[in-house]
Structure formats: C-alpha cells, structure tokens
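Undergrad: Below are the chains, spelled out letter by letter.
Number of protein chains: 2
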Amino acid sequence: MKFTFLFVDKTRAQIWQDTETEYQKRLSHFVKYNLKIIPPTKNKTQSECIELESKNLLLSQPAGKNFLITLDKSGQKLSSEELAKKLNSWQTTHPQITFIIGGAFGLSEELLKKSDFIWSLSPLTFTHEMARTILFEQLYRAFTINKGLPYHY
Amino acid sequence: MKFTFLFVDKTRAQIWQDTETEYQKRLSHFVKYNLKIIPPTKNKTQSECIELESKNLLLSQPAGKNFLITLDKSGQKLSSEELAKKLNSWQTTHPQITFIIGGAFGLSEELLKKSDFIWSLSPLTFTHEMARTILFEQLYRAFTINKGLPYHY
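If you read the protein sequences in the order shown, they are chains F and P.
Here this note's numbering is used: position 152 in the first sequence is 152, and no number is missing along the way.
Here this note's numbering is used: position 70 in the second sequence is 70, and no number is missing along the way.
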C-alpha cells in the first residue's frame, strides 16, 4: 500500500509545520507516502480558485488505479476505530490511496463527485493547516489500532 | 466573563505546548482566563486515577457561581458556529465558565453528572494534549465569529 497526500499551498505556520512533521515521521514507520503541494491560485475570484485548484489536484493524482479520499465538511464522520477498520479494508483492494485537503476556499463539486470517499474530521471548522496534522495523526493512530500497538504520546 | 481551564497534568510534548501557547495568546485578547493544572494520579489503578483526578478537578473549580463545561466523548457535538452561539448565550448569564479536560483515562460519572454541558470535539479520538489546543483554537474562533472579525491563520 502507498499513500499520496495532495494539499493546496505549503503549511505556513511554524507551529503546524512542527506537528505535521512529527506525525508524518510516525506515519512513515507504517506506510510509504508521497506529499505533493499544489500552488494556490492567486488574483482570482473565490469560485475560480476552487475550480482551478480542484482541477490541479485531480491532475496531480498518481497514475494507475487509485482510491481517492477527500476531506470535506460534507463528508462522513468517523470514529478513530471506524477509520482503522476502513483503512484495513481499503488497503486489501487498493494498493494506492490518495488523500486530498483543499485550500482556504474548499473543493469543487466535480472533485467531490470523483472521490471514492469523502471524510469529515469533525463538525468543527479547522484551518486546512490543522486538518493536515489531524489527518496524519489519525492515520498514525489507525495503524497503531490495526496493529494492536500502544499509542505513543 | 472569565474562563477557567482545569487540566490534568501539564502538556508534555513541545509541539503541543507551542500550539497551545499560540491559541492561548490569541484567546487572551478576548477574555480573561486562569489555567490550573491538576497533578496526575500515580501508582493507582485506572479507575482509581479517574476517581481521584475527577474529585480533584471538581474541588479546583473557582468559588461562586460557575458554569461547568466538560470535554468528553459522550458529549454533544457542535459546529464552530453552534459553539459561538452557545458561548454568546452562556456569557450573558454566567460570568464564570470553567472548561475541564481530563487525563489519559478520562473522567468520572460523578463529574460528568455535575457538568452543565458535556462537549465532544469530534467522533475521532484525540490525545488530551491535542484536545487542549483544539479547545483554545475553537474558543478563539468562536470569539472571531461572534465579533464578526476575520480569522487569522
């Protein structure tokens, strides 16, 4: 199994870079992954940003069969245990899983429709920088659950 | 209005200390607050830890009329906008609001029963160190929503 992460813009706040780096490192013990940053669209309207960034994200998917998971507030909410179970079942049929987190304005309807699973982390709104850390932390947590390992704080 | 935060044990991971400090600082522009750390119970069974830490948390509440909000997975989930509305209504009737986050093992039934509101951040499990940062960030976010201010990333 291999993960690809597609994000819009780099993580700018140092504090969220640090948390992201920590959980990326932990996750890398369990799975190989690629991280691609899509440049944010500038000097355009909000809806143009959404369209252009979403198109760019779709084009940046790895070649070949790919299971596409998009993080969006319209998605399904999961407990950490439910995520662990889903990950277990996805990885048996999909050698390649891509996770998308959009930019400040979100994602297009087209991208959401093309997703195999839409996941909402919480009813709370998080910045996309926080969402990245939570994504890496929850994936790390899911692997520790599935492997019966203790979670390291 | 004044906030009190009661947590079990100090935040040990540097990365979560840094995020916590950032959002505490931002929150302090909107509200006065006290933060009290309850020492974690040691060399006891899990249920003894829960009982002793919860008793200690209850005893550490500020004197006088106090609205007690406890973070627990059994609680009600809120969107950031719902939290902002609730905060608006609580603060008109309760000059003092206390937020409790327990230790690694959680909180006693007694403490949950004595709470005025039980709040679940997400169906996902977070460490109590992450939960603290998310609490401060969401309270900061709620104030920016209620005051119609832009959210600073």
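It should be emphasised that the hints constitute simulated quantities derived from the structure, not laboratory data.
It cannot be assumed that every hint is accurate.
If chains are identical, the list can't say which one is meant, so a pair holds when it fits in one copy or spans any two.
Cross-link-like lysine to any residue pairs, in silico, SDA-like; alpha carbons within 20 angstroms at most [what the hints assert, rightly or not]:
{"id": "1", "residue 1": "K73", "residue 2": "S120"}
{"id": "2", "residue 1": "K73", "residue 2": "I145"}
{"id": "3", "residue 1": "K147", "residue 2": "T125"}
{"id": "4", "residue 1": "K85", "residue 2": "H29"}
{"id": "5", "residue 1": "K77", "residue 2": "P123"}
{"id": "6", "residue 1": "K77", "residue 2": "A131"}
{"id": "7", "residue 1": "K42", "residue 2": "H152"}
{"id": "8", "residue 1": "K77", "residue 2": "S120"}
{"id": "9", "residue 1": "K32", "residue 2": "S120"}
{"id": "10", "residue 1": "K77", "residue 2": "G106"}
{"id": "11", "residue 1": "K113", "residue 2": "K147"}
{"id": "12", "residue 1": "K77", "residue 2": "L35"}
{"id": "13", "residue 1": "K42", "residue 2": "F67"}
{"id": "14", "residue 1": "K77", "residue 2": "A63"}
{"id": "15", "residue 1": "K25", "residue 2": "F105"}
{"id": "16", "residue 1": "K86", "residue 2": "T125"}
Undergrad: Let me make sure I understand: some of the numbered hints might not hold for this structure. Which ones are they, in numerical order?
TA: 9, 11, 12, 13, 14, 15
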